[in-house]
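Trainee: Sequence:
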Amino acid sequence: MKTAHCLPLLLCLCIGDALAGTPIQLQHAASADTRISISNIAGSVNVTAWDRNEVQVGGELGDGAKPLQITGDNDRLSIKVEPRGGSGSGWFNFGGDSRMAPTTLELHVPRGASLDVKVISAPLVIDGLAGGDIKVNTISGNARIHANTPALDVDSVSGGIELSGQADKAALQTVSGEILAPALGRTAKLETISGHIQAGGGPWQTLTLSTVSGDVQLSGKLAAGGSIDIDSMSGDVQLRLPADTSAKLHASSFSGDLRSDFGKPIEAERGPGSSLDTSIGAGDGKIHLETFSGDLRVKKQE
Numbered sequence: 001m002k003t004a005h006c007l008p009l010l011l012c013l014c015i016g017d018a019l020a021g022t023p024i025q026l027q028h029a030a031s032a033d034t035r036i037s038i039s040n041i042a043g044s045v046n047v048t049a050w051d052r053n054e055v056q057v058g059g060e061l062g063d064g065a066k067p068l069q070i071t072g073d074n075d076r077l078s079i080k081v082e083p084r085g086g087s088g089s090g091w092f093n094f095g096g097d098s099r100m101a102p103t104t105l106e107l108h109v110p111r112g113a114s115l116d117v118k119v120i121s122a123p124l125v126i127d128g129l130a131g132g133d134i135k136v137n138t139i140s141g142n143a144r145i146h147a148n149t150p151a152l153d154v155d156s157v158s159g160g161i162e163l164s165g166q167a168d169k170a171a172l173q174t175v176s177g178e179i180l181a182p183a184l185g186r187t188a189k190l191e192t193i194s195g196h197i198q199a200g201g202g203p204w205q206t207l208t209l210s211t212v213s214g215d216v217q218l219s220g221k222l223a224a225g226g227s228i229d230i231d232s233m234s235g236d237v238q239l240r241l242p243a244d245t246s247a248k249l250h251a252s253s254f255s256g257d258l259r260s261d262f263g264k265p266i267e268a269e270r271g272p273g274s275s276l277d278t279s280i281g282a283g284d285g286k287i288h289l290e291t292f293s294g295d296l297r298v299k300k301q302e
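Residue numbering for the sequence shown follows UniProt numbering, starting at 1 and increasing by one per position.
Since the hints were made in silico from the structure, they are not lab data.
Careful: at least some of the hints might be erroneous.
Label pairs and their computed distance ranges (CB to CB) [said to hold, decoys possible]: (1) S31 with K264: 57 to 65 Å; (2) P272 with S78: 48 to 56 Å; (3) K300 with G131: 46 to 54 Å; (4) D261 with R144: 29 to 37 Å; (5) K264 with G112: 26 to 34 Å.
Below 30 Å or equal to it, Euclidean Cα-Cα: the simulated DSS-like pairs (lysine-lysine) are [what the hints assert, rightly or not]: (6) K66 with K189; (7) K80 with K189; (8) K66 with K135; (9) K264 with K286; (10) K248 with K169; (11) K286 with K299; (12) K300 with K286.
Cβ coordinates follow ideal geometry from the N, Cα and C atoms, glycine included.
Kindly generate the complete structure, drawing on both the sequences and the hints.
Mentor: What follows is the structure in C-alpha cells.
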C-alpha cells in the first residue's frame, strides 16, 4: 500500500523535474504564441515545431547540473540548465560547478512560439517555427535555423550561422563564424570580423553589411527605393544584381581592385584607388559599396 501511495509522487517527478545524469521527460501546457527562454552551457539544443499547445523537453541532463524544470506560465516559459551549488551571476551562473557534464535538450514547441536561446559550446538547431520572433546568443556552437519569422537576431562569436526559410527582419553578427543566409527578407543587417558571408534574397528595403577581413558574396534584388550599404576593410566583396535593378550606385576602393558590369570605374589621379558613380535603370534606390584593400566586384545576374 505504501508503494502504491508513492507512485503518483514518482510520476509527478518524471513529468515536472529531470535529475542530473538521467533522461529528460518534461512537458508543460503553452499558448500557441508562447515565448520560451532556453539556456544551455554545453551539449546540444534541438528545437522542433509542432502543432500542439504544449512544450515537451527530452534529452539527457548532464552530471553536475541542477534538476531541470520548465518554469513560468503558458504565455512565458523558461528552461535553464544550471550547475549545482553555485550562486554566480550572468547567463549561466558561472559561479557554480564548472565540472558540469554536457546536456542534450530535445524540445518540441508550438509552431507560433517565440524563442530566446542562449548557449555557449552547444550547437543549436531550430526547425519549423512560423510566426514568432527568434533571438539567439551563442559563443562557439553553430546555429542552424530553418524557420519563417518576422524577426531574427543571432549574435555569435566563433560559431557559424546558417539560415534557411525566411526572416523578414534579420540581424546576424559573428566574430569569426561563417554566415550563410540565402533567403533574407526586406530588412537585414550582417556583421562579421573575419567570418565569410554568403547571403541572398530580397527584395531588400534596407540591407547593411560590414566586414573587416571576411569575404562577402551577396546576391539579391533591391526593393523600390531601397538601399544597400556594404563596408569592408580587407575582405573581398562580390555583389550580384538583377539586370532590372533601379538605383544610384557608388562604389570605391582605396587599394583593392574594383570592377563593375554597371558603368566603368575611374582610377584616382594621384595615388591608389578607384571609384564608380553611376545610375542603374531609373536610379530609384541607393547602393553604396566601399572597401579599403579588399577587391570589389559588382556583377549583373544572368
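Trainee: In this structure, is the beta-carbon distance linking D261 and R144 contained in 29 to 37 Å?
Mentor: For R144 against D261, whose Cβ atoms are near 34 Å apart, the range 29 to 37 Å holds.
Trainee: Does K286 sit within 30 Å of K300, going by the straight-line distance between their CA atoms?
Mentor: holds, 16 Å
Trainee: For the pair supplied as a hint, K66 and K135, is the alpha-carbon distance within the 30 Å limit?
Mentor: Holds. K66 to K135 sits at ~25 Å (cutoff 30 Å).
Trainee: Holds or violated: K66 with K189, Cα cutoff 30 Å?
Mentor: At roughly 38 Å apart (the allowed maximum being 30 Å), K189 and K66 break the hint.
Trainee: That 26 to 34 Å hint for K264 and G112 (C-beta), does it hold up?
Mentor: violated, 51 Å
Trainee: Checking one constraint from the list: CA of K286 to CA of K299, max 30 Å. Satisfied?
Mentor: Measuring from Cα to Cα gives roughly 16 Å; hence the hint holds.
Trainee: Should the hint that S31 and K264 are 57 to 65 Å apart at their CB atoms be regarded as holding?
Mentor: holds, 58 Å
Trainee: If you draw a straight line from the CA of K264 to the CA of K286, is it 30 Å or shorter?
Mentor: Holds, at about 18 Å.
Trainee: Can you confirm whether the C-alpha distance between K248 and K169 stays at or below 30 Å?
Mentor: Roughly 24 Å separates the two Cα atoms, so the pair holds.
Trainee: Range first: 48 to 56 Å. Now tell me if the beta carbons of P272 and S78 are that far apart.
Mentor: holds, 55 Å
Trainee: Quick one: are K300 and G131 within 46 to 54 Å, going by C-beta?
Mentor: violated, 36 Å
Trainee: Quickly compare the C-alpha distance for K80 and K189 to 30 Å and report which way the hint goes.
Mentor: holds, 29 Å
The structure fails hints 3, 5 and 6 (numbered hints given earlier, in ascending order).
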